[in-house]
Amino acid sequence: MLVRFWGTRGSIAKPGPDTFRFGGNTSCVEVRSDAGTLLVIDCGTGAHGLGQALMQERPDGIEGSLLISHTHWDHIQGFPFFAPFFAPGHTWDVFGPSGLSGSLRSVLSGQMQHAYFPVTLEQFAATIRYHDLHEGTFRIGDVTITTHLLNHPALTLAYRLQADGATVIYCCDHEPHAPELASGIGPLSGQDLHYAEFIEGADLVIHDAQYTALEFPAKLGWGHSSVEYAVRICEEAGVARLVLTHHDPLRNDATIDLILAGVRADLAERGAPLEVLAASEGLVLRTTPRTPEAAAGAPSAEAGAETGEAPGPGALSGDPGGPPALVWVTDRDLEAALTTALRLEGLPFHVAGGEADLEQRLERDGASLLLLEQALPVRDGPGLVRRLRESAATGLAETPVVMLAAVEEQARYDDPLVSEWLVLPVSESFLRARLRAWSLRTPCRWERARPPQDEERRLRRLAELGLLDTEREERFDRLTRIAAAAFDVPIALISLIDAERQWFKSCHGLATCQTSRDLAFCAHAILQRSDLLVADTWLDERFAENPLVLGEPRIRFYAGSPLILEDGTCLGTLCLIDTRPRQLSGAELSLLHDLRDLVLLELSPQPWPVAVHHS
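Taking the working numbering, the leading residue of the sequence shown gets 1, the next gets one more, and so forth.
Check each hint, because a few of them may be wrong.
Straight-line distance between alpha carbons at most 20 Å, and here's what the computed EDC-like set of lysine to aspartate or glutamate pairs gives [as the list claims (entries may be wrong)]:
hint: 1; residue 1: K14; residue 2: E180
hint: 2; residue 1: K14; residue 2: D257
hint: 3; residue 1: K219; residue 2: D248
hint: 4; residue 1: K219; residue 2: D192
hint: 5; residue 1: K14; residue 2: D248
hint: 6; residue 1: K219; residue 2: E180
hint: 7; residue 1: K14; residue 2: D357
For each label pair, taking beta carbons as the anchor points, the in silico distance ranges come out as [said to hold, decoys possible]:
hint: 8; residue 1: G36; residue 2: A268; range: 36 to 44 Å
hint: 9; residue 1: T144; residue 2: L258; range: 35 to 43 Å
hint: 10; residue 1: I185; residue 2: L258; range: 19 to 27 Å
hint: 11; residue 1: L417; residue 2: K219; range: 48 to 56 Å
Hints were generated in silico from the structure; no laboratory data involved. For every residue, glycine included, the Cβ atom is placed at its ideal position computed from N, Cα and C.
Whole structure, please, built from the sequences with the hints as guidance.
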């Protein structure tokens with residue numbers, strides 16, 4: 001079965017830069033069997049995106065089933081916004097628990113009454129059938145579904161889905177029957193033991209984990225699990241993989257990372273076979289039946305020259321039995337950087353001992369990602385890839401290839417055999433982002449600007465001027481203060497682009513004096529040698545996932561005008577940064593140019609070496 005996450009947040013939708021990676025939409029999961037049976041579990045705000053995707057896939061009509069765990073708002077808010085319901089030719093069966101408040105249909109229609117919503121249930125154009133559920137077993141297409149009552153203030157059902165020899169279980173929202181089990185410690189008994197029997201032996205369990213054990217006592221009776229309880233119950237039940245979901249609205253991405261790292265470290269220390277990951281919007285997992293050996297906890301990966309001790313291969317690739325990444329580079333420092341980044345991203349990997357070992361591993365196991373080095377004249381990376389792809393036995397045709405080069409001149413950006421070139425050095429954060437993107441097969445919305453063609457001359461000129469790492473000077477600080485006030489922005493910078501960093505000769509509104517060049521918006525400006533205006537970073541594929549956008553200072557608007565000397569050397573930019581999206585008018589752009597020219601006057605070693613631009 002294929003499982004795709006569209007909503008992962010609990011209680012209330014919380015989109016924004018702090019929840020960008022794991023997601024801000026409330027619960028919604030898509031499940032498809034190999035035969036094509038389509039199931040949607042819960043209909044929180046994440047259902048809006050799923051509905052749009054389904055309409056693009058089959059606008060003329062699609063058949064599906066919606067399984068609702070319970071009718072609290074965060075699990076049904078997407079119901080009136082699910083596009084297939086409004087399209088004729090579509091047929092949907094809606095299943096969910098019914099209780100004292102009435103039938104499932106009447107409860108769902110309640111949130112669409114005139115006082116709350118302008119469209120009624122009767123205005124749906126699709127054929128929709130409603131089915132009230134309690135505990136029991138039934139079938140939808142080739143999927144067998146068993147329900148189990150959960151411990152929640154509203155009547156709530158867990159769903160056990162079985163198809164294609166695999167088992168997927170969805171459990172939201174659920175509180176331990178014995179509160180002391182929120183710590184993850186202690187024997188299971190009574191209803192908790194019965195619950196463990198329900199999830200026993202599952203290949204994948206998607207489980208509510210809204211709180212931590214420390215937070216749980218203050219939330220007792222609210223109907224949610226702790227992370228520790230979810231891990232404990234799945235370990236007890238012999239579950240292969242656990243996906244923590246229903247993230248608390250106060251939980252940001254960094255905190256989820258820390259929680260997940262703590263869980264994984266504890267499991268590794270105890271040698272526990274359970275694989276744990278956190279649900280994120282867009283995460284796709286393909287669940288296949290375990291072999292008897294894997295079900296018993298036997299290791300499935302063969303030892304290599306080096307093996308990443310990351311969680312199981314499917315944690316990010318979407319394939320629990322999928323191949324690892326393969327690394328073959330000659331530079332030991334580069335190898336250490338790559339393997340560290342892979343470990344931090346939770347990606348399994350092998351380091352090949354040589355070309356023969358690399359080819360053997362490809363033939364035997366395949367690879368989710370291939371990381372190679374262009375080291376001319378010793379090694380021609382694309383030539384190696386060509387030889388490997390000509391050998392059908394390696395199965396390399398669909399494998400992404402990331403090629404690392406020590407200098408820009410060795411990168412062949414037009415070579416179709418290479419998925420991406422990374423010119424060294426690169427920062428750890430950028431490397432991790434690119435590896436994560438290729439492993440997930442999703443675009444990474446963060447681009448690193450290439451060096452301009454005159455990079456060597458530019459760096460020499462920058463060094464000759466003796467500006468880098470100098471004390472602050474009022475003549476420059478005065479100009480950034482004026483720029484910040486004139487444009488009503490919190491940050492104004494005079495940024496000089498060095499080989500591996502951007503260094504701020506003047507910095508108004510920012511605590512640091514430099515950042516990695518990977519992060520530098522200004523590096524893009526000096527490459528194009530013209531004004532760079534980004535009205536909203538969230539909508540720009542080059543910057544949306546840049547750490548300076550997702551984290552502090554949370555850049556939403558950027559305007560940078562290049563500092564170009566009379567001899568044509570581009571040193572950096574005068575730039576404006578805001579935490580709000582905005583535009584610059586023509587008059588404001590002219591004012592930015594005036595201030596830029598004043599900066600150039602201060603930078604210039606001779607009286608008037610300024611190239612005044614009238615762009």
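Taking the hints in turn, this is what the structure says about them:
{"no.": "1", "hint": "K14 with E180", "in the structure": "violated, 30 Å"}
{"no.": "2", "hint": "K14 with D257", "in the structure": "holds, 17 Å"}
{"no.": "3", "hint": "K219 with D248", "in the structure": "holds, 12 Å"}
{"no.": "4", "hint": "K219 with D192", "in the structure": "holds, 19 Å"}
{"no.": "5", "hint": "K14 with D248", "in the structure": "holds, 9 Å"}
{"no.": "6", "hint": "K219 with E180", "in the structure": "holds, 13 Å"}
{"no.": "7", "hint": "K14 with D357", "in the structure": "violated, 47 Å"}
{"no.": "8", "hint": "G36 with A268: 36 to 44 Å", "in the structure": "holds, 38 Å"}
{"no.": "9", "hint": "T144 with L258: 35 to 43 Å", "in the structure": "holds, 38 Å"}
{"no.": "10", "hint": "I185 with L258: 19 to 27 Å", "in the structure": "holds, 20 Å"}
{"no.": "11", "hint": "L417 with K219: 48 to 56 Å", "in the structure": "holds, 53 Å"}
In summary, the structure is inconsistent with hints 1, 7 from the numbered list given earlier, while agreeing with the others.
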